[in-house]
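Student: Chains as they are written, first to last, in our numbering: chain A, 1 to 289; chain B, 290 to 606; chain C, 607 to 838.
To be clear, the hints were calculated from the coordinates, so they are not data collected in a lab. Just so it is clear, CB atoms sit at the ideal spot from N, CA and C, and this is done for glycine as well. Be aware that one or more of the hints could be misleading.
As the list claims (entries may be wrong) - Have a look at the derived ranges for each label pair, beta carbon to beta carbon:
#1 A:Leu181 - B:Val301: 52 to 62 angstroms
#2 A:Gly135 - B:Gly423: 47 to 57 angstroms
#3 B:Pro496 - C:Tyr707: 15 to 25 angstroms
#4 C:Glu736 - A:Glu177: 51 to 61 angstroms
Unchecked claim - Per the computed footprint, the stretches of chain B lying under chain C, defined by three or more beta-carbons under 8 angstroms from a beta-carbon of chain C, are:
#5 471-480
#6 490-503
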Amino acid sequence: MSLNTLAQALVSGALLGCFYTLMALAFSMILGVTRALNLSHGDLIILGGYLGYWLWSGSGLHPLFLVPVAGAALLPLALLWHWLFHRLPEPRELSSLVLTFGLSLLLQNIMLALWRGEYRLIASESLTGSLALAGLRLNQGRLVVAAAALAVVGALYLGLTRTRWGRAIRATSLDREAAALLGINVDEATRTTFLLAFCLSGVAGVLFATLHYLYPAGGIELTLLAIVLTIWAGVGRLRSVLVAGILLGVVEALTVAWSGPRWRELVVSLMLLASLLARSGGLARGWSH
Amino acid sequence: MGRRGWIGAGLVAAALLVLPPLTGFHPYYLYLVSTALLFGTVATSWNLLAYAGQISFGHAAFFGLGGYGAALASLGGLSPWVAIALGGAVGAVGAAGISLASARLRGAYLALATLAYAEIWRGIAHNWTAVSGGGAGLIGIPPLPTLAWLPVDFTRGRAGSYYLSLAFLVVVIAVFGGILRSRVGLAFAAVREEEERASLLGVRALPWKVLAFALSGLFSGLAGGLYVHMVRVVEPDLVFNRYFSILPLVMATFGGLHTLLGPAMAALGLYLVSELLLHPYVPAFHQLPYALALIAVVLYLPGGLAGLLPGKRSGAA
Amino acid sequence: MAFGGLLALRGVDIAVEEHQVVGLLGPNGSGKTTLFNILSGLLRPTAGEVWFAGCRVTNLAPWRLSGLGIGRTFQIARPFAHSTVFDNVLVGITFRSRHHYRRVLDRRREAERLLAMVGLAPKASARANELSLGERKRLELAMALSTRPTVLLLDELASGLSPKGREEVIRFYGRLKERGLTIFAIEHSFRVLAHVADRLVVLDQGTIVAEGRPAQVLGSPRVMQAYLGEDE
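One chain only, chain A, in its complex shape:
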């Protein structure tokens, strides 16, 4: 591998990592406030992507304009998921896995029915070019996606740290009972979290659809990615998620550069298994810190 290829892989991996951060946040936020593992996470993103694709192919608008629309379109589902998660029996980690295994299957079926399992890509011409910068060729689509992801993550960071509802969400995520004792409306904070998380998923979906082909069963890989990032970063630590996301993007890009794209999927599962074994239930540490 030449130095140039290496640098190329590092940069494009880091750009992809910004997107991964955005993608993992919804999973991590929901885990934080509900202690529920959402296996339908990736399917929701794919659904957002399909909605974006459908709007894009119908309207011909620039994909970035469709980002907020897809985000808003998932909000009704946020309320439905919230209602379902509210009824999970203890221990939530396991019952949520079972429930969302079912929801994931449900979403895949709905997407299969609506879009017949065909591969779709938002192939907007405005995103296909590439820029030359200091000897590296940067894919314009990846740049735009990374910038958009960073903007959304930045806005979320401000929201979570500077506003009243943001503080309520963080407190609920840290310790639900203590937050309730302090007079924080934890139910409202939970609902807000679901709405925010699903909005993020819709946004991530449209951005994803500009990078990768969509297919109804493609969500699992995104879910596994989100779980890996959450294990690496812990729950509710936005900056750690960003670092972990970029790291994961780089690892993935290096794997692809070294061995070709076909091992990419395998790497994600391997990393998940290795991370679980290394930390023996590391997700739990996040919400008890």
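Knowing the structure of chain A, use the given hints to seat chains B and C on it.
Tutor: Just chains B and C, lined up with the frame of chain A:
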């Protein structure tokens, strides 16, 4: 199980026994019910593992390992019977391996590890082209030999593999029933309910967990081996398909965790409703019953998951 | 023994002699149950040693300690909740390494005997989570005895029981002692301990503050006032 349950089970068994001649040895229906019976076997073996308190989200790994193991052995010239037995052994070893590796994981985290494990094997089957044939898989797997000493009605057309699947399911249920009454079942239940307490009473948890995984992997692997000899091809997305992880879980929890016959009954019911009633009319939605059953189990069957969830310590290790 | 950033036990040095009943007293959070968890192998001490019958047994797994002859109960009962009462007792009988019965029938007979001894024979086929508090305590004792231990760690066997139940517990202590068992018992009620113990140890904040014959220890006004508070 009450007397009514046994009568019901007896009626279902009798109906299954006379089904081939009743359908006039219709190949499609026999294939369909055979598959349902194999799902019943995998669901029962999933339930056996759950009886020891271990929740798997990755039975596709064991089914697929069995499938590939049997296919490779059979294509290598071994008799299909030996090949299927080897497939079962491969499934058992694969299951014992993940159990040993994830000895420190419990509950949801063990489930996630098995999920990743199945995805890893699917990835390997896709990429290790020299052995697995890659995404295209392996074709030309020989059919199961006809057992000439049986009456012709048992071996005609697809009836051979049908009766074999049925017999296999009965055997697995019988083994599970035997385990429930033995000291193995006693140890499984103790490890499931209170691992620390079991240890204080002399039951070391790890060997029993590995045994439960190995048994479950053995039966799932045998089912996988039988399956590839029925369909006579093997592909990564066929045998390592996530449905072989989801469906056993759905069937076992919906049919009744830790019950002897529930998972097999639920497998027959759900699979046949899905394939006979929904598939012809709303093909895209034919998996809806599984999704809805799973959601219903979590939300509306009080105690439906209770056996899954031993106390409150089942989260992190 | 550091526990959650807090030193739970420090410089505790206790010897329990054979065939004796030693009582362990102390306010909540004084480290009694932590000590039991170390002795039964559920927790690993960060420092210090556990010796049993002349062997160093520090850091041995619970199933090993159980095999050596250590049995225990839990203050809050921890039975195999969805199994029958009979199976709860059968586990220890089946999987113990000493006095192992090869025949199923012998194992089942012993389970019946044990259940009869604690008065749970009529409940043998009930599920453990259907038992009342008092019945759970009896089951705890039967489970602890099912491995035929030589040393029994009893964690608040009498707490939460009616005066009548407590009388019964005192009689149980007598019977266990007659069988030659060595008993190390946490009890909140020093009235119970005064009846049954040969020696008392009082813990507070992880250290021993008093030790001696029951009359001595319980007679000490300092102990009475500071560590026992009110008798329930």
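Student: Now look at each hint and say whether the structure bears it out.
Tutor: Status of the hints after comparison with the structure:
no. : hint                                    : verdict
1   : A:Leu181 - B:Val301: 52 to 62 angstroms : 55 angstroms, holds
2   : A:Gly135 - B:Gly423: 47 to 57 angstroms : 36 angstroms, violated
3   : B:Pro496 - C:Tyr707: 15 to 25 angstroms : 21 angstroms, holds
4   : C:Glu736 - A:Glu177: 51 to 61 angstroms : 30 angstroms, violated
5   : 471-480                                 : holds (count 5)
6   : 490-503                                 : holds (count 4)
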